[in-house]
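Line by line, the protein sequences are chains A and B.
Under the working numbering, the first sequence has 327 at position 327, and the numbering climbs by one with no breaks.
Under the working numbering, the second sequence has 332 at position 332, and the numbering climbs by one with no breaks.
These are computed hints drawn from the structure, not numbers from a lab.
Cβ atoms here follow ideal geometry from the backbone N, Cα and C, with glycine treated the same way.
Keep in mind that the hints are not guaranteed to be accurate.
Computed cross-link-like contacts, SDA-like style, restricted to lysine to any residue with a CA-CA straight-line distance of at most 25 Å [what the hints assert, rightly or not]:
no., chain 1, residue 1, chain 2, residue 2
1, B, LYS315, B, GLY17
2, A, LYS239, B, LEU278
3, B, LYS315, B, SER76
4, B, LYS239, A, GLN286
5, A, LYS239, A, PRO227
6, B, LYS239, A, GLN21
7, B, LYS174, B, VAL205
8, B, LYS210, A, GLU273
9, B, LYS182, B, PRO227
10, B, LYS210, A, LYS239
11, A, LYS239, B, LYS174
12, B, LYS146, A, ILE276
13, A, LYS239, B, VAL205
14, B, LYS239, A, TRP56
15, B, LYS174, B, LEU278
Looking from chain A toward chain B, a few residues come up when the C-beta cut is under 8 Å (computed) [stated by the list, open to error]:
no., residue
16, ASN230
17, ILE244
18, GLY247
19, LYS257
20, PRO259
21, ASN260
22, ARG268
23, THR271
24, ASP279
25, MET281
26, ALA282
Sample of chain B residues facing chain A (criterion: CB under 8 Å; computed from the structure) [to be verified]:
no., residue
27, GLY247
28, LYS257
29, TYR262
30, VAL266
31, PHE275
Single-letter residue listing:
Number of protein chains: 2
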Amino acid sequence: MKNDINRQWLIADRPVGRMLQESDFKYQEVPLGEPKENEVVLKTLTLSFDPAQKGWMENISDYVAPTQIGDLMRGSGIAQVVESKSAKFKEGDIVSGQLGWEEFPVVSADTVNGVPDGVPPTATLGVLGTTGLTAYFGLLHVGRPKAGDMLVVSGAAGATGSVVGQIGKIAGCKVVGIAGGKEKCDWLTSELGFDGAIDYKNDNVAERLKEVCPDGINVFYDNVGGPVLNDCLGHIAMKARVVICGGISRHEFGETKGPNNYFNVVFRRSTIEGFILLDYMAQFPQAGQRLAEWVRDGKIKSKEDVQEGFENAPKTLMRLFEGKNFGKQLLKIADQS
Amino acid sequence: MKNDINRQWLIADRPVGRMLQESDFKYQEVPLGEPKENEVVLKTLTLSFDPAQKGWMENISDYVAPTQIGDLMRGSGIAQVVESKSAKFKEGDIVSGQLGWEEFPVVSADTVNGVPDGVPPTATLGVLGTTGLTAYFGLLHVGRPKAGDMLVVSGAAGATGSVVGQIGKIAGCKVVGIAGGKEKCDWLTSELGFDGAIDYKNDNVAERLKEVCPDGINVFYDNVGGPVLNDCLGHIAMKARVVICGGISRHEFGETKGPNNYFNVVFRRSTIEGFILLDYMAQFPQAGQRLAEWVRDGKIKSKEDVQEGFENAPKTLMRLFEGKNFGKQLLKIADQS
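Could you put the whole structure together from the sequences, leaning on the hints where they help?
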């Protein structure tokens with residue numbers, strides 16, 4: 001079933017060097033699009049939210065095509081096919097892909113994929129999607145932990161961080177997560193099997209690191225940047241690997257603030273390294289298979305933070321930068337028919 | 001010939017988070033020491049100065065034993081044996097090693113070494129000593145340049161930086177040096193064969209980098225830190241390697257300032273890595289042999305900045321942090337007899 005109108009959120013401003021605000025987006029209603037040959041009309045069921053989306057709006061993430069003011073806001077999600085001019089999909093099929101922030105995308109059938117059987121469709125947006133793959137390659141290929149290593153991960157209760165920690169446990173590491181608030185920290189230790197957790201909102205991170213990692217950090221996987229990155233750099237062990245995955249705290253500042261303790265990489269003979277998931281695309285199938293096995297075996301658990309209502313898309317993205325999300329941030333737009 | 005008294009400079013204060021000052025050192029005169037079995041009495045000819053010496057005073061360089069207020073200031077140099085109770089050396093021999101800031105060290109014969117024939121003794125303090133070895137291992141083992149790479153080195157007219165750039169040329173790189181002042185920059189391009197030079201005192205470094213490295217920096221060897229490191233991080237190419245060797249600009253600030261552009265390692269899939277020369281000790285002989293060949297073949301030229309007079313030791317160390325030295329900083333204390 002499809003409506004007569006299609007609701008959309010467009011990019012209205014570039015949130016460069018500042019926090020996101022609702023006025024960075026413009027709401028509009030347009031007539032429903034007509035599918036051409038090989039296109040499908042989709043009904044968006046769930047949208048997925050990642051910090052990288054702010055970078056796309058800022059045009060600082062030069063590994064994706066630039067955005068323009070007035071463009072439909074980009075975002076991935078799960079949708080149901082409501083009309084098909086493609087042999088690849090029929091009405092009622094569930095697909096995932098880059099949909100954009102609109103209720104009824106009309107897209108080429110080549111740009112979306114079916115979802116695997118036996119897992120909830122939204123898993124392909126999180127643990128079996130880019131966040132899980134980011135955790136997998138960033139930790140195993142860049143961080144290269146060895147059994148027995150002390151792994152510390154920031155943003156540990158987030159979609160990527162929680163998977164990083166759990167893969168760390170599979171790899172035989174001791175794992176400490178840094179997250180905001182007692183509830184998230186408790187979840188890390190009691191549900192996910194982390195060996196320790198540090199509450200950056202209430203603990204002195206530098207002091208707690210000395211307590212929970214007395215021999216220093218062997219691998220630090222950073223989703224956050226800012227003071228947390230700096231404190232962890234100040235506590236690295238010899239030959240440590242620091243994986244820069246995200247820097248969500250960057251967005252709080254007018255200017256990104258570099259880590260004053262960077263010079264500790266000399267004293268500790270250590271490495272700070274960045275990566276982009278797209279570079280590992282050739283190895284996605286193998287990684288996806290492993291992640292699916294670990295999920296099936298209960299070795300990787302995930303949590304979804306599901307908000308509701310298309311009108312709330314901007315607010316839902318802002319939750320990520322306010323540290324409000326607890327698990328993979330999703331927005332439910334419509335029920336599957 | 002030896003005097004009756006021995007002049008010394010002691011550590012009087014720790015220059016933590018600030019520039020060095022003369023009051024960080026205390027001058028004293030003491031009676032000449034008497035050698036015990038296996039010891040030698042030396043006459044210091046030349047002292048060698050390195051930025052790391054300030055770190056030793058601060059006790060932040062934890063790869064060397066801590067210093068105490070009142071200790072003899074540490075420093076390496078060239079000396080002549082004036083009295084020997086060791087079979088290893090006889091009166092008149094020239095040696096190099098950790099002497100300390102005093103005119104007549106009395107040391108175990110095991111702590112100093114003879115100097116090689118055919119090169120000036122002071123070469124073992126610079127291009128054939130720790131600065132040359134630091135350049136060699138930091139560039140070739142950490143930076144890992146490939147022929148055709150764009151190598152940028154900061155502190156390029158200094159003892160380490162000038163050797164880094166010349167080894168870069170041997171390795172087939174395009175080399176750009178960053179140094180302070182026209183005289184140093186001219187020397188890099190006209191004498192050392194650098195392909196370009198940036199004068200950080202008079203040029204806009206970020207703008208000049210775009211001109212001289214239009215395709216970005218493949219290897220950045222940093223002796224400086226601060227704004228220069230930040231500008232170079234902002235201009236790295238894909239898969240760049242940033243070698244952190246020194247951070248002399250750190251000492252200008254009350255607090256070390258981290259590079260705001262660190263997050264570019266993500267967009268450029270790059271690495272920031274630190275190292276300590278001592279970790280490569282097993283490979284010193286081979287590296288020393290190669291460096292000596294390159295010096296003999298005229299492929300590596302070096303420049304010495306020779307100040308004079310034992311009383312000027314503190315001022316001479318301060319020159320390094322004021323960017324005054326042009327080449328390897330030495331202090332001539334006495335003539336060889």
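- Which numbered hints does this structure break? Per hint list: 6, 10, 11, 13, 15, 25, 26 violated.
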